[in-house]
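Student: Sequence:
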Amino acid sequence: MVSFDLWWNEVDSEDGQLYMAHHQNLDMGHRITDLNACGPTLASARDLVYKDIRKLRCLGSYYRLDLGESL
Numbered sequence: 034m035v036s037f038d039l040w041w042n043e044v045d046s047e048d049g050q051l052y053m054a055h056h057q058n059l060d061m062g063h064r065i066t067d068l069n070a071c072g073p074t075l076a077s078a079r080d081l082v083y084k085d086i087r088k089l090r091c092l093g094s095y096y097r098l099d100l101g102e103s104l
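Heads up: the sequence shown begins at 34 in this note's numbering, then just goes up one per residue.
Derived by calculation from the structure, the hints in this document are not laboratory data.
There could be a bad hint or two in this list.
No more than 25 Å apart at the CA atoms, straight line, and that leaves these computed lysine to any residue pairs for SDA-like [to be verified]: (1) Lys84 to Ser103; (2) Lys88 to Ser46; (3) Lys88 to Gln50; (4) Lys88 to Asp45; (5) Lys84 to Val44; (6) Lys88 to Ser36; (7) Lys88 to Asp99; (8) Lys88 to Asn69.
All values derive from a computational prediction rather than experimental measurement.
Modelling step: build the complete structure from the supplied sequences, incorporating the hints.
Tutor: Structure (structure tokens):
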């Protein structure tokens, strides 16, 4: 169980599995998910996302470590 909402971007579904969508230009850096969490403070919501994001597995993917710092 996770503490955030997960929205898939730029993915295709085939045989019950999710795959990166095919692009004409195969540049790196495509966003595959958006994660949203609610909490009493920005820091607590961010902590919920960081705690549970490790449960997602996608070969070669990474996530930013500066979420919410530019607001």
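Student: Each of the hints needs a verdict: does it hold here or not?
Tutor: Checked hints:
1. Annotation: proposed proximity of Lys84 to Ser103 holds, straight-line Cα distance about 20 Å (limit 25 Å).
2. Annotation: proposed proximity of Lys88 to Ser46 holds, straight-line Cα distance about 20 Å (limit 25 Å).
3. Between Lys88 and Gln50 the alpha-carbon distance is near 17 Å, which keeps this suggested pair within the 25 Å criterion.
4. Of the pairs offered as hints, the one joining Lys88 and Asp45 holds, with about 20 Å between alpha carbons and a cut-off of 25 Å not exceeded.
5. The suggested pairing of Lys84 with Val44 holds, with an alpha-carbon distance near 23 Å, which does not exceed 25 Å.
6. Taking the CA atoms of Lys88 and Ser36, the gap is near 11 Å; set against the 25 Å cutoff, the hint holds.
7. With a CA separation close to 19 Å, the supplied pair Lys88 and Asp99 stays within the 25 Å bound.
8. Of the supplied pair hints, the one linking Lys88 and Asn69 holds, its CA atoms being roughly 15 Å apart against a limit of 25 Å.
Comparing the model with each earlier hint shows no violations; every hint is respected.
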